[in-house]
Amino acid sequence: MTSIDMPWYLELVIVAFLLFGALVALIGSWGLAKLPDFYTRLHGPTKASTLGVGCTLIGSLLYFSHQQDGVSVQEALVTIFLFATAPVSAHMMGKAALRRRLKGIQGTRNMPDR
Amino acid sequence: MNLAYRRWQYWLPRPLFSLFLALLWLLMVNEFSAAHALLGLALGVAIPFVTHGFWPEEAKIKRPLPLVRYLLVLLVDILRSNLVVALRILRPARYLKPGFFSYPLALDDDFAITILASTISLTPGTVSIHYDAEANTLLVHALHLENEAGMVADIRERYEKPLEEIFR
Numbered sequence: 000m001t002s003i004d005m006p007w008y009l010e011l012v013i014v015a016f017l018l019f020g021a022l023v024a025l026i027g028s029w030g031l032a033k034l035p036d037f038y039t040r041l042h043g044p045t046k047a048s049t050l051g052v053g054c055t056l057i058g059s060l061l062y063f064s065h066q067q068d069g070v071s072v073q074e075a076l077v078t079i080f081l082f083a084t085a086p087v088s089a090h091m092m093g094k095a096a097l098r099r100r101l102k103g104i105q106g107t108r109n110m111p112d113r
Numbered sequence: 000m001n002l003a004y005r006r007w008q009y010w011l012p013r014p015l016f017s018l019f020l021a022l023l024w025l026l027m028v029n030e031f032s033a034a035h036a037l038l039g040l041a042l043g044v045a046i047p048f049v050t051h052g053f054w055p056e057e058a059k060i061k062r063p064l065p066l067v068r069y070l071l072v073l074l075v076d077i078l079r080s081n082l083v084v085a086l087r088i089l090r091p092a093r094y095l096k097p098g099f100f101s102y103p104l105a106l107d108d109d110f111a112i113t114i115l116a117s118t119i120s121l122t123p124g125t126v127s128i129h130y131d132a133e134a135n136t137l138l139v140h141a142l143h144l145e146n147e148a149g150m151v152a153d154i155r156e157r158y159e160k161p162l163e164e165i166f167r
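For the record, the sequence lines run as chains D and H. All residue numbers for the first sequence refer to numbering that gives the first Met the number 0, where the first residue is 0 and numbers rise by one. All residue numbers for the second sequence refer to numbering that gives the first Met the number 0, where the first residue is 0 and numbers rise by one.
Careful: at least some of the hints might be erroneous.
Derived lysine-lysine pairs resembling DSS-like cross-links, with alpha carbons at most 27 Å apart [to be verified]:
{"id": "1", "chain 1": "D", "residue 1": "Lys94", "chain 2": "H", "residue 2": "Lys160"}
{"id": "2", "chain 1": "D", "residue 1": "Lys33", "chain 2": "D", "residue 2": "Lys94"}
{"id": "3", "chain 1": "D", "residue 1": "Lys94", "chain 2": "H", "residue 2": "Lys96"}
{"id": "4", "chain 1": "H", "residue 1": "Lys96", "chain 2": "D", "residue 2": "Lys33"}
{"id": "5", "chain 1": "H", "residue 1": "Lys160", "chain 2": "D", "residue 2": "Lys102"}
{"id": "6", "chain 1": "D", "residue 1": "Lys33", "chain 2": "D", "residue 2": "Lys102"}
No lab work stands behind these hints: they were computed from the structure. Fair warning: this is a prediction, and the values are worked out from it, not measured in the lab.
Given these sequences and hints, build the entire structure.
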């Protein structure tokens, strides 16, 4: 793909967003691997991934808005869909875990007994 | 009941939602033309017509201005929450004190409760797990639970009160 020349500061901003997004997503995945029980692992996908994907999308939005005419809005749509669906899936997984009486780690306060 | 199909509400149960869908379609194809506008409008009419049986009662957004403020607060909090959770993940697990608490809801509108539950899941260290319709409480899991009453008060002040204002 041929690309239109970019001013260096715009490149810098885009790179910063992409790197920060990637870093946050990496931390989120690391959390998924190391957090001790199911309920704490639920926090990964709703939090870290939203910011990680969000930053990556802002980078993409800036890049494609510069490369093509007009603002590229599809990234904004992806963000909206992500923010609307991530909490719902976390809610459903948490509910399923409660139903199956998955144990929390030692020291979990107020563990519900249903 | 008879002649129901004569009323426009029968064919267009959610005018705003239809408009939103049409707009969404235009944004998704990322180009504006008469053909796509028509297609978007057709989808906007067809989708609510087919699915409106599954929808709860339409919530009325009474005040749009607090809604905008709410969204801004939410955006900032999502940013904060991500950093907080990232830090907690990086620290050794023995410092974590996870726990559940139940949050007594003051809202009674289904849609508003859905938004509140989503907000709780997107903001610092909390995920809403279960909605108890009888007691009208939300069961919330916190990644780090130190002060239960403080957390409940936080959610009430920061999110539920503005939501009450918007949907009242």
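Status of the hints after comparison with the structure:
| no. | hint | verdict |
| --- | --- | --- |
| 1 | D:Lys94 with H:Lys160 | holds, 26 Å |
| 2 | D:Lys33 with D:Lys94 | holds, 22 Å |
| 3 | D:Lys94 with H:Lys96 | holds, 21 Å |
| 4 | H:Lys96 with D:Lys33 | holds, 15 Å |
| 5 | H:Lys160 with D:Lys102 | violated, 34 Å |
| 6 | D:Lys33 with D:Lys102 | holds, 17 Å |
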